[in-house]
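Which chain is which? The protein sequence lines are A and B, in order.
Here the numbering used here is used: the first residue of the first sequence is 1, the next is one more, and so on.
Here the numbering used here is used: the first residue of the second sequence is 1, the next is one more, and so on.
Since the hints were made in silico from the structure, they are not lab data.
Backbone N, C-alpha and C fix where the C-beta goes; we use that ideal spot for every residue, glycine too.
Any given hint might turn out to be false.
Said to hold, decoys possible - Examples of chain A residues toward chain B, derived with CB under 7 Å:
1. Ala240
2. His245
3. Asn313
4. Phe318
5. Asn319
6. Pro320
7. Glu321
8. Ala346
9. Asn348
10. Gln352
11. Thr356
12. Ser358
13. Val360
14. Arg363
15. Leu383
Said to hold, decoys possible - Part of the chain A face toward chain B, derived, beta carbon under 10 Å:
16. Asp10
17. Asn15
18. Met103
19. Leu106
20. Arg114
21. Ile155
22. Thr246
23. Thr351
As the list claims (entries may be wrong) - Taking CB as the label site, the calculated pair distances span:
24. B/Val122 to A/Ser173: 57 to 63 Å
25. A/Leu383 to B/Asp367: 30 to 36 Å
26. A/Leu383 to B/Val64: 38 to 44 Å
There are 2 protein chains.
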Amino acid sequence: MRPERRTVRDLRRGNRAVLLRALYFAGPTSRHELTALTGLSAATVSNVTGDLLADDIIVEAGLVDSDGGRPRVLLRVNPTYGFAIGVDVGETHVRVELFDLDMNELAKSEFALRPGAHEVDVVVRHILTGIEAVVADSGVPPSKVLGIGVGVPGIVERGPEAMIHAQTFGWDSVPLGTLLRAGTPFPLHVDNGAKTMGQAEMWFGAGRGSRHAVIALIGSGVGASIIADGTTYRGANSSAGEWGHTKIAIGGRGCRCGGRGCLEAYIGAEAVLERAGIDFNTSTEQAAFADLVASGSPVIDETVEYLGAGLANLINLFNPERIVVGGWAGLLLGQHLLTTIKQKAAENCLTQPFSTASIVLGRLGPDAVALGAATLVVDEFLLSTTSASVSREPAVS
Amino acid sequence: MRPERRTVRDLRRGNRAVLLRALYFAGPTSRHELTALTGLSAATVSNVTGDLLADDIIVEAGLVDSDGGRPRVLLRVNPTYGFAIGVDVGETHVRVELFDLDMNELAKSEFALRPGAHEVDVVVRHILTGIEAVVADSGVPPSKVLGIGVGVPGIVERGPEAMIHAQTFGWDSVPLGTLLRAGTPFPLHVDNGAKTMGQAEMWFGAGRGSRHAVIALIGSGVGASIIADGTTYRGANSSAGEWGHTKIAIGGRGCRCGGRGCLEAYIGAEAVLERAGIDFNTSTEQAAFADLVASGSPVIDETVEYLGAGLANLINLFNPERIVVGGWAGLLLGQHLLTTIKQKAAENCLTQPFSTASIVLGRLGPDAVALGAATLVVDEFLLSTTSASVSREPAVS
DNA sequence: GTGACTTTTTTCAAGATATAGACTATGTAT
DNA sequence: ATACATAGTCTATATCTTGAAAAAAGTCAC
Numbered sequence: 001m002r003p004e005r006r007t008v009r010d011l012r013r014g015n016r017a018v019l020l021r022a023l024y025f026a027g028p029t030s031r032h033e034l035t036a037l038t039g040l041s042a043a044t045v046s047n048v049t050g051d052l053l054a055d056d057i058i059v060e061a062g063l064v065d066s067d068g069g070r071p072r073v074l075l076r077v078n079p080t081y082g083f084a085i086g087v088d089v090g091e092t093h094v095r096v097e098l099f100d101l102d103m104n105e106l107a108k109s110e111f112a113l114r115p116g117a118h119e120v121d122v123v124v125r126h127i128l129t130g131i132e133a134v135v136a137d138s139g140v141p142p143s144k145v146l147g148i149g150v151g152v153p154g155i156v157e158r159g160p161e162a163m164i165h166a167q168t169f170g171w172d173s174v175p176l177g178t179l180l181r182a183g184t185p186f187p188l189h190v191d192n193g194a195k196t197m198g199q200a201e202m203w204f205g206a207g208r209g210s211r212h213a214v215i216a217l218i219g220s221g222v223g224a225s226i227i228a229d230g231t232t233y234r235g236a237n238s239s240a241g242e243w244g245h246t247k248i249a250i251g252g253r254g255c256r257c258g259g260r261g262c263l264e265a266y267i268g269a270e271a272v273l274e275r276a277g278i279d280f281n282t283s284t285e286q287a288a289f290a291d292l293v294a295s296g297s298p299v300i301d302e303t304v305e306y307l308g309a310g311l312a313n314l315i316n317l318f319n320p321e322r323i324v325v326g327g328w329a330g331l332l333l334g335q336h337l338l339t340t341i342k343q344k345a346a347e348n349c350l351t352q353p354f355s356t357a358s359i360v361l362g363r364l365g366p367d368a369v370a371l372g373a374a375t376l377v378v379d380e381f382l383l384s385t386t387s388a389s390v391s392r393e394p395a396v397s
Numbered sequence: 001m002r003p004e005r006r007t008v009r010d011l012r013r014g015n016r017a018v019l020l021r022a023l024y025f026a027g028p029t030s031r032h033e034l035t036a037l038t039g040l041s042a043a044t045v046s047n048v049t050g051d052l053l054a055d056d057i058i059v060e061a062g063l064v065d066s067d068g069g070r071p072r073v074l075l076r077v078n079p080t081y082g083f084a085i086g087v088d089v090g091e092t093h094v095r096v097e098l099f100d101l102d103m104n105e106l107a108k109s110e111f112a113l114r115p116g117a118h119e120v121d122v123v124v125r126h127i128l129t130g131i132e133a134v135v136a137d138s139g140v141p142p143s144k145v146l147g148i149g150v151g152v153p154g155i156v157e158r159g160p161e162a163m164i165h166a167q168t169f170g171w172d173s174v175p176l177g178t179l180l181r182a183g184t185p186f187p188l189h190v191d192n193g194a195k196t197m198g199q200a201e202m203w204f205g206a207g208r209g210s211r212h213a214v215i216a217l218i219g220s221g222v223g224a225s226i227i228a229d230g231t232t233y234r235g236a237n238s239s240a241g242e243w244g245h246t247k248i249a250i251g252g253r254g255c256r257c258g259g260r261g262c263l264e265a266y267i268g269a270e271a272v273l274e275r276a277g278i279d280f281n282t283s284t285e286q287a288a289f290a291d292l293v294a295s296g297s298p299v300i301d302e303t304v305e306y307l308g309a310g311l312a313n314l315i316n317l318f319n320p321e322r323i324v325v326g327g328w329a330g331l332l333l334g335q336h337l338l339t340t341i342k343q344k345a346a347e348n349c350l351t352q353p354f355s356t357a358s359i360v361l362g363r364l365g366p367d368a369v370a371l372g373a374a375t376l377v378v379d380e381f382l383l384s385t386t387s388a389s390v391s392r393e394p395a396v397s
């Protein structure tokens, strides 16, 4: 069925990946501790770390004094072994950022988009220009760029084409992968923005330490990223997690997707503002929503009711240990009303799964899409580093 | 992080499992074909099959003539190497069945439960009596019983206690694993009945061949089994897939779980009959429901509307390649109204994920819970057969 | 029948791996 | 200085998978 490990050489590759990943997430660690973290024997840890040191993928990071014994040598991933570029394609902007492996931002390039106008060629040009700009600005040699991660709205098909379907964004079957690959030599990973943001929260934010989680993202629209057993769940065609258009009311309010009764039509910021009868445009949306939340309007009460039910549905279906509420609107709601949200979720959820799930706010703010996109590159790096050159095989989406 | 493979010996164990699983699901297969199916080299296939033959886990199954060449020897899993017992704990009965590895039913034992009365000690006694009965009836030596799988209503916590929480069944925190282990020496696996039935449909029914699927079960109550990448998704505490109590209408109809607006309150057979104002008791429920479906009542139209929306929510969230509609009420609805159900699902679903999901009816009928429970045992068997004795390590739930 | 040919399966030597346990390195304590 | 403690490395060993060669078990033409 699934290939898994076969030869004795895959064994090494796997153990190398396990060790590198442990080192990446645990930070500076001695060889001795690594035996416990990885389950490998001391001899193997010594061997594998030897390889990784020779490849300059990890470096020594000082000593730890001991009370009577040889001091431990700390090891860590070499933050400048390679660099990852993250791209955030949003409603109002294209943002390109370059990070080292510690996820320090070394350069940034941003382009505004006219609201409602996301011509494909314009976005592609911005992305490519941005990539060149951040590489130039940071002074990172192109050979050390491990790859590019791109977070976009809508559904992203897996595969080298990275076909994108985004109704509300006005993109229908756009082969973004093909378009970008024509303009840049770097390995490319394209994914839905909610999923990249979810991975950012899992790695560096409120999701840390959990293996089963859902990151709920509430902005103008509504999405979710589902983490099953530590990895982003994608389903058969990578569209899993389309929470915003699940039905919460049969024949209910109309949604911008064309359907009726979608959750997004009740808790998406755009829909909430419309329901409250507030005029706004894209540039004033966040401020208007913030005012509305602070005002204690009954529309917000209703929004919280629906949000609680929507979260309860996620808990019933996915049984996560943690729900992270993020997105700019989600953070605004949560900062004021988290207790009420939890209460409404409890009322609409089975007691057993609710009792084992904690609901928390996102920690990374609403702009972590690019960071998350860059983690796609790092994830691939941690999974398969051969000792050969940096960019060895053409990455696929 | 996760342990995975380590030593060179685990490699063999893994390849052995891969090969055995391929053989189990592909049926009689030659060594040559197995190289393609498993990706292993001919030499390794020869080695591993040699081991398995020596252990009597697989057997030769005839020759295939060739046109000019050595004929292929077919291999298959030895159906009488071991036997699995499946138990179905339902609303109205406890059913115990014993299967060989080909899932031929060799013996069966059934006990009626008084509707609404599921005292724990009575159920436990029935299960244990049933186990002894099927072993005796089949003449299978106890040493060849690989284990027992039990499918029960409600949420089953993982772990040796197999703690069960089933509100509608009247069981609150029942340590069924502990209770059963006190009365039987066989390795035990306890799981939710919807999940065991889902696995049965995946292995032998309408789910075959798909890796991402949802089995929707509609009977008196409503449940689902989610198959993610070929295995049952359980979430953090094994309660994932509680579809029946997701909210489809805020502040809607009351549900027997105590909540309001649950999907089950709209499409569960019990709720549908109540809504139609039909009197029934447990023994007449299925007939009454069948009559109602055939009558073309507007209540059924409404039920189909909600069912379509519920399925659409599953497709949006999980992006399966296949949805299997099962359970006795689901099968009745589907036989008459599958086209309408699909149409309602399409109306309530994003087009992209809907277009890649097929909605089909279950093939195993409503009584496959015990079969599915027995597959839990076989699954474990395929995963880890040491060459030692049959029951080597205490299984855990 | 027999030799040539074909296809499947097994055998064998080679290369690679993880591990246990012996051993070395590098400290502190007295 | 010496004893002790802890971290890390080295060595011998038992496995493993694999490619290539060899063997096995047929068919086919004559």
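Answer holds if the nearest beta-carbon of chain B is closer than 10 Å to that of A/Arg114; otherwise answer violated.
violated (26 Å)
Less than 10 Å between beta-carbons is the criterion; does A/Asn15 satisfy it with respect to chain B?
It holds, given that the least Cβ distance between A/Asn15 and chain B is near 7 Å, below 10 Å.
Per the hint of 57 to 63 Å, is the separation of the Cβ atoms of B/Val122 and A/Ser173 within bounds?
Holds - the Cβ-Cβ distance for B/Val122 and A/Ser173, about 59 Å, lies within 57 to 63 Å.
Status of the hint placing A/Ala240 at chain B (closest C-beta pair under 7 Å):
holds (4 Å)
Hey, does the A/Ala346 contact hint survive, CB to chain B under 7 Å?
violated (11 Å)
Do the numbers back the hint for A/Glu321, that is, is its least Cβ distance to chain B under 7 Å?
Hint holds; A/Glu321 Cβ to chain B Cβ min 4 Å, cut 7 Å.
Mind checking the CB of A/Asn319 against every CB in chain B and telling me if the closest is under 7 Å?
holds (3 Å)
Interface hint for A/Asn313, Cβ within 7 Å of any Cβ on chain B
holds (4 Å)
Interface restraint verdict for A/Ser358 against chain B (beta-carbon cut-off 7 Å)
violated (11 Å)
With chain B as the partner, please determine if A/Pro320 meets the hint condition of a C-beta pair closer than 7 Å.
holds (6 Å)
With a cut-off of 10 Å on the beta carbons, see whether A/Leu106 makes it to chain B.
Given a least distance of 28 Å, the restraint on A/Leu106 is violated.
Restraint: A/Phe318 near chain B, CB-CB cut 7 Å. Satisfied or not?
With a minimum Cβ separation of about 6 Å from chain B (threshold 7 Å), the hint on A/Phe318 holds.
The structure does not agree with the numbered hints 8, 12, 13, 14, 15, 18, 19, 20, 25 stated previously, though it agrees with the rest.
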